[in-house]
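**Student:** Residue numbers (our numbering), protein chains in the order written: chain P, 1 to 200; chain R, 1 to 359.
Do not take every clue at face value.
Claimed, not checked - Just the calculated beta-carbon pair ranges, DEER-fashion:
no.	chain 1	residue 1	chain 2	residue 2	range
1	R	55	P	104	33 to 43 Å
2	R	55	P	119	41 to 51 Å
3	P	165	R	326	54 to 64 Å
4	R	332	P	166	46 to 56 Å
5	P	108	R	332	44 to 54 Å
6	P	166	R	188	43 to 53 Å
7	R	25	P	119	43 to 53 Å
8	P	73	R	247	15 to 25 Å
9	R	127	P	198	52 to 62 Å
10	R	62	P	108	30 to 40 Å
11	P	132	R	140	38 to 48 Å
12	R	195	P	166	40 to 50 Å
13	R	161	P	161	37 to 47 Å
14	R	340	P	161	15 to 25 Å
Bear in mind the hints are in silico, worked out from the structure with no lab data behind them. Built from N, CA and C at the ideal position, the CB exists for glycine as well.
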Amino acid sequence: MTKKLLAVILSLVMVLAFAACGKEESKDTNTSDSTEVTQDVVDNNTDDTTQDEVVEVGDDNTTEEQPSASGSDTVAQTLLGEFMATIETTEDLEAVANTLSSSETLSVLGMMVMPVEEGWLNGFDEEIAGFTQGYTFSPMIGSIPFVGYVFETEDAAALVETLKAHGQLNWNICTTADEMVVEASGNYVFFVMAPFSLDE
Amino acid sequence: MKNRKSAMALSAILILIFHFWVNVFPGNDVENFIKLTAYIGVDMFFFLSAYSMAGREVDNYLKFIVSRFKGVYLKYTLFVILDAVLISAAAWSFSRFLKALVWVELFKKGGGAFLWFLPAIMLFYMAFPLLQKADQRNPVVTAIVSLALWAVVAFLVTRFTGYKEMFIFWNRIPIFLLGFYVYKLDKWIKGFCIRNEAQSLNKNEAGRTEAREIETVRNETGKNADSVRDRGISNRMAVCVKLVLAVVFVAVGAFLLLKFGYKIKLKVPFRDMFYVIAIPMSLGLIALAGFVPSVKPISWIGSSTLEIYGVQMVIGYNIAKAVMKYTREPLLVSLLVILPVIVIAVVVHYLYGWIEKKR
Numbered sequence: 001m002t003k004k005l006l007a008v009i010l011s012l013v014m015v016l017a018f019a020a021c022g023k024e025e026s027k028d029t030n031t032s033d034s035t036e037v038t039q040d041v042v043d044n045n046t047d048d049t050t051q052d053e054v055v056e057v058g059d060d061n062t063t064e065e066q067p068s069a070s071g072s073d074t075v076a077q078t079l080l081g082e083f084m085a086t087i088e089t090t091e092d093l094e095a096v097a098n099t100l101s102s103s104e105t106l107s108v109l110g111m112m113v114m115p116v117e118e119g120w121l122n123g124f125d126e127e128i129a130g131f132t133q134g135y136t137f138s139p140m141i142g143s144i145p146f147v148g149y150v151f152e153t154e155d156a157a158a159l160v161e162t163l164k165a166h167g168q169l170n171w172n173i174c175t176t177a178d179e180m181v182v183e184a185s186g187n188y189v190f191f192v193m194a195p196f197s198l199d200e
Numbered sequence: 001m002k003n004r005k006s007a008m009a010l011s012a013i014l015i016l017i018f019h020f021w022v023n024v025f026p027g028n029d030v031e032n033f034i035k036l037t038a039y040i041g042v043d044m045f046f047f048l049s050a051y052s053m054a055g056r057e058v059d060n061y062l063k064f065i066v067s068r069f070k071g072v073y074l075k076y077t078l079f080v081i082l083d084a085v086l087i088s089a090a091a092w093s094f095s096r097f098l099k100a101l102v103w104v105e106l107f108k109k110g111g112g113a114f115l116w117f118l119p120a121i122m123l124f125y126m127a128f129p130l131l132q133k134a135d136q137r138n139p140v141v142t143a144i145v146s147l148a149l150w151a152v153v154a155f156l157v158t159r160f161t162g163y164k165e166m167f168i169f170w171n172r173i174p175i176f177l178l179g180f181y182v183y184k185l186d187k188w189i190k191g192f193c194i195r196n197e198a199q200s201l202n203k204n205e206a207g208r209t210e211a212r213e214i215e216t217v218r219n220e221t222g223k224n225a226d227s228v229r230d231r232g233i234s235n236r237m238a239v240c241v242k243l244v245l246a247v248v249f250v251a252v253g254a255f256l257l258l259k260f261g262y263k264i265k266l267k268v269p270f271r272d273m274f275y276v277i278a279i280p281m282s283l284g285l286i287a288l289a290g291f292v293p294s295v296k297p298i299s300w301i302g303s304s305t306l307e308i309y310g311v312q313m314v315i316g317y318n319i320a321k322a323v324m325k326y327t328r329e330p331l332l333v334s335l336l337v338i339l340p341v342i343v344i345a346v347v348v349h350y351l352y353g354w355i356e357k358k359r
């Protein structure tokens with residue numbers, strides 16, 4: 001009798017779960033497949049009039065409301081805004097990385113900043129080259145799906161393409177970041193992979 | 001398997017290191033290598049689970065599955081409820097809750113699924129009796145077909161789809177199969193050594209005298225002195241072989257991990273092939289751990305691995321946030337996160353066991 005009851009309960013739960021598949025709620029922010037959205041943004045503040053903002057977001061093949069569309073910026077977008085503001089005031093890349101790592105948005109993570117060189121970088125499936133200077137800002141705890149970089153480069157467009165091509169949202173094996181944001185501003189490139197929100 | 005709890009404890013500690021260790025020497029390659037390859041603790045678990053199961057004769061499939069459900073799925077459900085209702089309620093919707101309970105989340109998110117290892121190992125347990133039955137009929141064909149099935153599915157999914165979430169458990173099939181077959185090999189080796197020694201004892205007068213003495217001891221003590229004696233002799237041979245093999249496997253495994261499972265991870269011919277590359281290192285570490293006596297603390301940790309996994313995922317990050325409010329010293333952060341997780345998990349494990357006994 002107990003076994004039959006267990007079987008019925010499990011069957012019901014399974015039916016409900018599959019029925020719920022078609023109704024993804026916006027709170028369920030971890031997703032698996034990815035699609036890519038590219039926007040051209042005109043920058044009035046630098047000589048470089050064309051910037052590519054590459055935002056790769058999770059898409060579970062269902063209509064899912066992205067946090068930015070609903071009015072509140074994601075973690076990566078917030079940091080991007082702070083990067084754009086900071087890079088206009090200083091060309092000291094380490095200072096930029098430190099500013100980003102001490103952002104209010106990342107205060108829960110316990111961040112650390114380290115210089116990086118061309119070669120293997122955390123978050124990518126191939127070695128990364130094409131920059132003259134770089135810093136990473138990332139949580140002390142590696143299981144959090146967040147990694148950020150700022151680079152100085154002589155060919156920002158090429159570096160953006162390289163980062164976009166080799167960034168892996170699931171670099172962390174057991175966890176997956178929700179989005180990847182890559183943006184160039186002059187000779188400086190910003191790269192972040194992060195969850196939409198760090199509130200959980 | 002001698003000192004199996006030591007191997008289990010090592011596996012659990014490796015996973016804790018992978019999730020929560022903070023580099024004490026940033027940029028140090030050795031520390032980085034250990035931390036970033038500590039995911040092989042999961043591979044060790046798959047091997048040890050299969051090895052443990054292989055010794056069981058599954059007469060009744062339903063009874064076996066129910067026992068696995070009680071041992072694994074029930075605890076998994078409790079952790080899901082705890083996280084969804086109390087700890088991280090903001091991250092859970094009702095649909096996610098249901099999907100986690102029936103393992104749909106595992107297929108949708110792979111390693112990003114909540115406590116993914118538990119539903120994955122349940123799937124393996126459900127297939128295990130079939131493997132055992134097939135092996136009893138024809139071991140060679142079973143081994144070949146199992147591996148072929150794994151490889152064909154992995155190839156087809158890699159080649160024709162973009163689906164990657166399944167590989168975190170699909171590519172653990174080889175090491176699970178290894179666990180099953182290494183158990184059989186171990187059993188055969190022990191039997192061989194016992195038979196060999198029994199023959200040697202009868203070859204000369206001294207041997208026959210010794211055999212009579214063993215028989216006397218058996219009659220007086222009631223213990224099976226033959227097998228006690230033979231076990232001692234066969235164990236010494238097995239120990240030497242295992243030590244040499246362990247060192248070789250660790251050395252080869254470290255090289256393979258360094259090349260294909262560390263920074264740049266092997267993804268050919270199938271996705272996430274680096275899990276297969278991790279096999280030699282996993283086997284080597286399990287073999288080495290077998291030399292570590294399962295003293296009480298190690299035994300406690302080795303018995304509480306499921307709870308350690310659950311506790312670290314449910315509250316490990318919250319502990320880390322709390323610790324980092326007071327200190328950012330890497331070693332302190334690592335220890336103040338990992339040790340409490342272990343202690344809490346061990347308490348939960350034995351408390352659960354006590355409640356089960358009282359029922």
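**Student:** The structure should be examined with respect to each hint, and the outcome stated for every one.
**Tutor:** Do the hints match the structure? See the list:
Against the hinted window of 33 to 43 Å, the Cβ-Cβ separation of residue 55 of chain R and residue 104 of chain P comes to about 55 Å, which falls outside the hint. The hinted range of 41 to 51 Å is satisfied by residue 55 of chain R and residue 119 of chain P, whose Cβ atoms lie roughly 47 Å apart. At about 41 Å, the beta-carbon gap between residue 165 of chain P and residue 326 of chain R misses the expected band of 54 to 64 Å. Evaluation of the 46 to 56 Å hint for residue 332 of chain R and residue 166 of chain P yields a failure: the beta carbon distance comes to about 35 Å.
Checked against the given bound of 44 to 54 Å, the beta carbons of residue 108 of chain P and residue 332 of chain R, roughly 18 Å apart, lie outside it. Range check, residue 166 of chain P to residue 188 of chain R: about 47 Å between beta-carbon atoms, so the 43 to 53 Å window is met. Take residue 25 of chain R and residue 119 of chain P: their Cβ atoms lie about 18 Å apart, and the range 43 to 53 Å is violated. Residue 73 of chain P and residue 247 of chain R have their C-beta atoms about 53 Å apart, which leaves the hinted 15 to 25 Å range violated.
One distance hint, 52 to 62 Å for the beta-carbon pair residue 127 of chain R and residue 198 of chain P, is violated here, with the actual separation near 38 Å. With their beta carbons about 46 Å apart, residue 62 of chain R and residue 108 of chain P fall outside the hinted range of 30 to 40 Å. Separated by about 59 Å at the C-beta atoms, residue 132 of chain P and residue 140 of chain R break the suggested range of 38 to 48 Å. A C-beta distance of roughly 57 Å is found between residue 195 of chain R and residue 166 of chain P, which places it outside the suggested range of 40 to 50 Å.
Remark: the range hint 37 to 47 Å for residue 161 of chain R to residue 161 of chain P is contradicted by a beta-carbon distance near 25 Å. Under the hint 15 to 25 Å, the C-beta atoms of residue 340 of chain R and residue 161 of chain P, about 45 Å apart, miss the expected range.
Consistency with the previously given hints fails for numbers 1, 3, 4, 5, 7, 8, 9, 10, 11, 12, 13, 14, ordered from lowest to highest.
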